[in-house]
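**Student:** Below, each chain spelled out in residue letters.
There are 2 protein chains.
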Amino acid sequence: MVNFKITILGSSGAVPAYGRYPSAQLVEIQNEHFLVDCGEGAQLQLARFNGNIHRINHIFISHLHGDHYLGLMGLLFTMHLHHREKDLHIYSQHGLHEIMTAQLRYSRSVPNFNIRLHTLSPDSREIIFDNKWLTVETIPLYHKLPCTGFLFREKQKPRRIDKDRLPEGLPHYRMHELKAGFDIKDETGKIVYKNEDLTLPPNQSRSYAYCSDTAYAESIVEQITKVDILYHEATFTEDDKMKAAETLHSTAREAALIARKANAGKLLLGHFSARYRELEPLLTEARTVFTETYLATEGQTFTLPE
Amino acid sequence: MVNFKITILGSSGAVPAYGRYPSAQLVEIQNEHFLVDCGEGAQLQLARFNGNIHRINHIFISHLHGDHYLGLMGLLFTMHLHHREKDLHIYSQHGLHEIMTAQLRYSRSVPNFNIRLHTLSPDSREIIFDNKWLTVETIPLYHKLPCTGFLFREKQKPRRIDKDRLPEGLPHYRMHELKAGFDIKDETGKIVYKNEDLTLPPNQSRSYAYCSDTAYAESIVEQITKVDILYHEATFTEDDKMKAAETLHSTAREAALIARKANAGKLLLGHFSARYRELEPLLTEARTVFTETYLATEGQTFTLPE
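Chains as they are written, first to last, in our numbering: chain A, 2 to 307; chain B, 2 to 307.
Rather than coming from a laboratory, the hints here were simulated on the basis of the structure. Remember, predicted model here, so these are calculated numbers, not experimental data. Treat each hint with caution, since some may be false.
Stated by the list, open to error - Pairwise CB distance ranges, derived in the manner of DEER restraints: (1) B:E99 x A:N51: 32 to 38 Å; (2) A:D124 x B:R126: 37 to 43 Å; (3) A:E223 x B:Y19: 29 to 35 Å; (4) B:R161 x A:P282: 52 to 58 Å; (5) A:P202 x B:H83: 52 to 58 Å; (6) B:K180 x A:E247: 51 to 57 Å.
As the list claims (entries may be wrong) - What the simulated footprint calls covered on chain B by chain A, stretch by stretch (three residues with Cβ under 8 Å from a Cβ of chain A suffice, anywhere in the stretch; the number is not a length): (7) 95 to 101; (8) 105 to 115.
All C-beta atoms, glycine included, are put in the ideal place defined by N, C-alpha and C.
Let the hints inform the model, and build the full structure from the sequences given.
**Tutor:** Listed below in structure tokens is the structure:
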């Protein structure tokens, strides 16, 4: 089975509390390991939950509030001290270059590896990662600072060979044609086997959307429609709706409304305010609107089957 | 009893490992709570070990390697979000101003409280804190970056009234004279009671020296002579002596040699390299030179009686 797995490293809002760490998630899709946000302690949580920092080549930072990036420098120093050589790509809003440069300069550190810093445009969707199987695009969010979420989406997959119906002796190279959706033809161009008789439909392309931090924003619904897993911040409950409005955060119910409107498969809640010791009230609130809701707490993993 | 207590928040060297956190200690002396170094996760560890961030008014940063200061911004943001109003004094080598300013600017944060940043001189001893009861002075260390340790020292204390020998009816204001060491005289200047007959010697002035990071440096011995507790980094064992020399760190044995030469009361070892899962070998190595050695691991507290 090809990997599609999200590991929660931190579930806390701006002020860490009750053992909850600031925002960070490890997203493993196929052979790529992505770090999504990198709050303080992310490297400690990666170690704790068996994440492999050497496999991370891309780090996506949603915005420059401290609880979303303050673990970055520590992680970079550790990569350096572990003799990393591979390029590391970091995607962030404007400003991170200056923040990093100052810290590298005063620690007199020159990393062994190249840091490729990509500055995001907060107001438009951009494809920021694209390989044979997968794209990652930004999701413009609505927060106090320029901020984007990230949508991970597998590309259309090949059709699957139906081994039971495969005629004997068909040469190997024909398989590629079948997977790509072509019929099998002879030299004259005549169809010998119709594709649909020898193949099954492709596995579904899986998707994950990370949306933190944001006020309730229906503008994102169209982009994330039918996403398999939606992580949406839920800093507050409806009882603290005013506080949510004031700080441009969402309530659990609002997160659930977005999930319902987007027809998402599953909703993960996170970025919990320090005012809540217990998180069940947030879960209950969201489930009244969207049943398939879960708490995205430290060490939890969420996977999608192929 | 008047407080003199050190709580270890982090014992790790540059690369955190085995659940050990980067350098940070909470030092409580009398009514003052000091934070000494502030590695990544310091605010999480403070919460875990019941440190009260609102009581911290002075933060001493030994040097600008990430493992000694990367928890600072997170702590400042949390203080801000908790509506701190009191001034906060931060003492650091040159560079922290630029690092902090960039991060405050891009997060569009203006703290509610004043941050008083004091730049340390790495090459000379300075008294950087001085109140009625206590001084803190810097200890020039020998490391890859400008770096100082910190010596906390109670001032000479008053003589203690010996209640058993105190004559009845002596007015209250005379007590101050006795505590200050004066004899009791009558109007003509004649000694009525000798001070030594009514008082006991002062309680001892307690002291704590924090020395991290540093290569073996006998130059510090004179300054820390007879310190009650010496924390000295012990990144490596003697087996890795070459590595210690190369990185300007100390071995456990070297830390113990310094403690012995300084005639310290107690030695605490910390700043352990990620290469050691078990720390007993470092302790054993140091104890062959200096018996009163302890491991300064997370959550440990060390107190000095009055």
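**Student:** Which earlier hints turn out false for this structure, listed by number in ascending order?
**Tutor:** Per hint list: 2, 3 violated.
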